Each structure stands twice: as structure tokens, then as C-alpha cells.
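Given chain A, work out where chain B should sit, using these hints.
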Amino acid sequence: MNNKTKLACASYLAIALATLLAYAPAVKLMAIQSPWFNTVIGKASISTVLLLIMWVMFIEKLSKKKQWSSRRTWAMMMAGVFVLTLSVYYTPV
Amino acid sequence: MASTNSKVLHLLGTPLGHPNLTLRRLISFVLMHGVGSLGSIGLLFALVELFQMHYMVAAVLSGAAGLLVKFVLVSLFTYEEKKSLMTVAESANRGRIADAAISTTLFAIALVYYYTLSSKIWSWLYVSGDSGDWLLFTNEWVVPQPFGSPLFISVIRLLGLVFPRADAYQLLTLFLSVLPGALLVVLTYFIGFKLTGKRGMGLVSSVSLLGMSVFLTQATVLEQYMFTALFIAGAYLAYLHNRLTWAVVLLGIGTASHIIVGVIALLWLAIEQQQRRRLFKLIPLYVVFGILPYGLILYLLATSESLFYMGGLTWAGLNVYLGNVYHTGNLSLAVVPQRLLDTAIVLLGMLGLAALPLVIGLKERVPRDNIALAVIGCMAWFWFSNSFFSTFKYMAMACPFIAAYIAVGLNRLPKWHIPIILASTLALTGANAFYLNANALTMKDPQATEFYTALLNLPDGTAILSPRGGAYGFAFFYAVSEGKGLTPLLLTKATPTGIADQVQIDFVYASYASWFRDKYGYVGKDCIMLAREALAKDREVYYVSPLDYNSSSIDAQGWALAFDFESTDMPGITRVTGVKLPDWESFLDKVEETRNAREQ
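Chains A and B, in that order, give the protein sequences. Residue numbers for the first sequence, in the working numbering: 30 to 122. Residue numbers for the second sequence, in the working numbering: 32 to 631.
If you're looking for bench data, these hints aren't it; they were derived computationally from the structure. Quantities reported herein were computed from a predicted structural model and do not represent experimental measurements. Cβ atoms here follow ideal geometry from the backbone N, Cα and C, with glycine treated the same way. Hints may contain errors.
[Said to hold, decoys possible] Short, incomplete list of chain B residues facing chain A, as computed with Cβ under 10 angstroms: (1) ARG370; (2) ALA375; (3) ALA386; (4) ILE449; (5) GLN478; (6) SER545.
[Stated by the list, open to error] No farther apart than 30 angstroms at their CA atoms in a straight line, the calculated lysine-lysine pairs in the DSSO-like style are these: (7) A:LYS57 - B:LYS475; (8) B:LYS394 - A:LYS90; (9) A:LYS94 - B:LYS446; (10) B:LYS524 - B:LYS621; (11) B:LYS556 - B:LYS515; (12) B:LYS475 - A:LYS35.
Extracted from the complex, chain A is given alone in its bound form (with noise of 0.2 angstroms):
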């Protein structure tokens, strides 16, 4: 038995243990009949981190196509983090 063969074989074993340990919990979270809410509000959602994810992506690839200097670069990058952290600061819950 090779090493592929060894890692894909614990691989499975390691799934099936945990889907044994998820499927009960699963159901249990499929098969209600009213509808529920997550209810806690916080300032920022997960949209906020999305954009943030964006905006990085958007300068590394500008970055890449201008040929910018890392330090302008980084510069962007908090620049987009600040306004972010800014606006989910000034958010009213």
C-alpha cells in the first residue's frame, strides 16, 4: 500500500467518523418546521468581511497590472481597512 493509497484510506475513516458524529445534528437542523433567525446584531456582518476580501483582491490586482511598490500597496490595503473599520464604527446597530 502505497502513501496516496494510506493518506486517501485515513482520509475516509476520518470523514465517515465525522460524518457519524454530524449527521444526527444535521437532521436535527433541517427538520423543523418554523423558521429561525440568528438574532444577535452586531456591528459588522459578514458583508463587511466579503468587501474587505474585494478590496484586497482589487489592489493586489492593480498592484500587479501598475507594477506598485509593496509599500503602496500595503498602503491601499489599510487605507480600505480603516474606511471599513470607520463605517462599521459609525453603523447604528
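Chain B only, in chain A's frame:
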């Protein structure tokens, strides 16, 4: 002429596409099969109409008639012609026969599996509380919940007209969830086959889909996701076969079924830069099939007097109508770890060991994979980022693509992986049949049916304080549309938040109050005033929706500040015996006062 004939023959399928087949024989053949199909249609009617005797008789008679006509027509053929037809059939492409046999078998298995597990009585299982809204269309045209789903509601209206005596819940579940679910299993076979070039792998993708719990949940209760998924998968398959026009048309039809397909269409356009010119030319076609049907919703908004919406086609009305759509991307960062865990649990329970080939498959480059990845990504994002966890239902539309990627991954792995994955999938299919059996789960806790039956058992003339939508609200609206004589006292706003003097009665409610005054002669402007008037007229008043007195949330207890309640033995129905406050404004003041007192 000959070329046109052969084209026509080719279009009609391989067995008939033989160049020696004459037009006369072709017509006979089509007639033979057409009439022979009558029996099947009759059987479908019998199934839908709950095995009522006259439909059973009609089914048997039409089946017999079909067979008779078939025999007569066959007898008209000469021996040589029959032989020629046999040769045509024998010379048909073996691959196509294999495809037909595999897809028919898959369809039959999936249909039996999903139909058996589907709920046979009205269910809200898997958070399908919107089913009440869909059921309404079997009786009448009303304003649907946003964004409207014009094709979906039109199909329901049509089914309601064709089968007026059928059990509406069973009818819609069969046609809009079970049948599309079974068809999707077949489509997944063709997608998997196309992506891997192997029939066996197509079969693996279909079997994988059959084992997916999320997909099963939507194929066995009344919801709109299976019907919509059919067009997304169909569009992708058409695109894989270079049928761009068909792909665009199917995407359009999908958009008319559910607005989220519009997002997928936009992503499609953004991804396929190389096809941009061809795609731009087809945009009018997409508009015709996908956008124009929404004119029906505008028409209904303008003309319909629906309990769900009565604002006409006005900006103020539309603002209220569309104002409820805000949950996507709204998940608070604080609960992201919990959401990650919940999502992982559901995905793992859905995939089992197939998670491994899926990961490998997603790394593979397959034809037009960006589109498949976009569909999976779009649905996953919608679910993951939504503050409403029950949107796992949207993942059902990505499941055929996930199943195809499992086959792609498995195709890269040594053959010994295949039996392991199949065994895991079959184990999940079996476990799901036991633990996610919608019929058994609903029978165990038939909330929707019990609530609806209780509503029907109330005396005519009873006034009902109802939410303006949601599972209980839609069920109540459906009871009214069925002709039950209940007086609808709609709740002004269930959960007031913010500063009381800044909250106004919304435009749609004001329109409803005006309609109510004209129809019933009440003069109240809000639900508290209307309830007082109803009580003063010696009407029985009930509140529908569960009241949680033990909840620590002021919103959950809110209406207890406004009304005197008396519990009943009817599920989800509480009797209103008195009104404590003069109007809604004073109710808001009271809520705020109580909230402040609690905070101090």
C-alpha cells in the same frame, strides 16, 4: 425536400430518424405512440386525484383504448414495413439506447423514492411555511410574496384549474417538488456524463445526488426550489452541449421561476467573456423569458386585493412589499463561528465520504467549470451569509452541480474508490429514508394540518387576528380563499422596535384598513381598534400564531401587552377576550416603557 425530411426525422429521435422511413409510416408511428400514451396520462390523473374511482376507471379505459389503437395501427403495416421498423430500431445508436435505459431507470427509482418519502398531508417541515402562499394560487390570483416567481405561480394556477378536485397539497408537491426532483436526478446523470465522458461516472453523480439530504428535503415537501433547479441544471447541460440559445432560454425561464436565477445569469455573463458577443445578442431572448413575466406581478400588485398586499402599484406600496428582503449578507460577525459549524455539519451529513472526491473534483479543470462553480458559490454564499439559517434550502439548487463534481473527482481517483463512495451514498440514502422521511415526520408532528383543520372548524363569522404572511398568516389566507367565512383582522406590526413616535402605520396596512372599512363597516385604523370593534359586536376573536409567554424577549410577549388572551386546545390559536389599550400608538409606548423598565 429530402434534406428537410431527413432533418425532421432526425429531430424526432434516432429510431425514427432512419432515412428509409416514409412519412406515412412516420405519422402512423407517432399516432401509435401518442394514443398509447393516453393510458399513462390517465394513470397520472388517477395518482393526482388520490385514486378516486372515476379517475381509476378513466385511467384503465384510456390505457385499454391506447393499446387497442396501437394494435389496429400495427395491423395496418405490411410485413416488410414492420421488418423495416425493426431494423430501424436495431440500428439505433447503442449509446442512445443505453442513455434512455439509464435515465428511465434513474427517473423511476428517484420518483418512487421521493414520492414515498414526500409528505401526503400539508406540512411546514424543512421550514416550508411558504407553502400556504403557493396553495393560494390553486384558488385565485393574489399578490405573491416578493419577488413574485411569476412562472411558478402561473404553473400552480394552471394545475389548480386542471385538477380542481385534487388534494391541493399533494398535487403541488407531486408536480413541483417530487417530479422535478426525479428529473434532476436524470439531468445530473447527463451532466456527470458530459463532464467526465463516462456513463458510469454519470451514474455515480446521479446516485450521489440521490443520497444528498438537502436535496431530499426540497424534493419531498411543497417548495419552489426543485422546480427552479430544473432550469438551472437544464441551462448548464444545454451550455455543455453548445446550445447557447437553449441555455439562455432556460436561464430566462428559471429567472421567471425564482429571482435568484437572475443573479446566476449575471454571473454567467460576467464569467463567459469569450462568449460575450453571442450572449449579448441573446439578451432580448432572456428578457422575454425571464424579465417580462414579472409584468404579471406588477399587474397583480396593481389590481389584486390580496390579504398579503393591498398597496396598489405605488412607490410607497412597493417600499413595503420589497422591504422584507434584507437578510442576505446580514449575518453578524459574532455568530460566524457558530454558522461555520452548522454549515459544516449539514454539508458533512449531506455528502458523507463523497466529500473527498468532491474536494478533488473542485480542483479539476472541466469544461465550463466556472459556471458550475458560480452556481455552487452563489447558493453557498446566500445560505452562509443569511441571518436566516433555513436558507439551506437554496443549496438544493446547487446539489446537481456538487454531484457532478463528485463524479469528476472520482474519475481522477483509482477505481477502488468507486465502491466506497457508492456504499457511503447508499448508506446515506437509506439513513435519509428513515430520518428525513417527510411523510413520517409530518405525521408525527402535523402542525400545518392541525392548525388549518382548527381554522376550518371555527364558526363562520369569527374574527382572526393574523400576521401578514408567514406560515400561520398564509395558512389563514388559504382558509379564506377556500371559502371559509372568517373575518381577517391583520396585525399592524408584530414586533415594534425603535422609538414609538417615529413608527408609523405602513402604507399597505392603511390601504388594507380602508378596504376593510368598505367591506365590513369597521372604522378602526389598526388591529387593536379593529379587535375592540369586533368584540363590541359580540364576535369571537382569535389570535393565530404561537404566543411564547415564557420568552424573555419583549417582542415575543408584545401582544400580551395589548390583548387579554385565553388559551385554547387548538394549536397556534389563542382566544382574545379583551383589549387593554386604546390603539397601536399607545401599544408602542407601552412596549417602549416596558423595555426601558427591563433595561434599568
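Structure versus earlier hints, numbers of those that do not hold, lowest first: 4, 6, 9, 12
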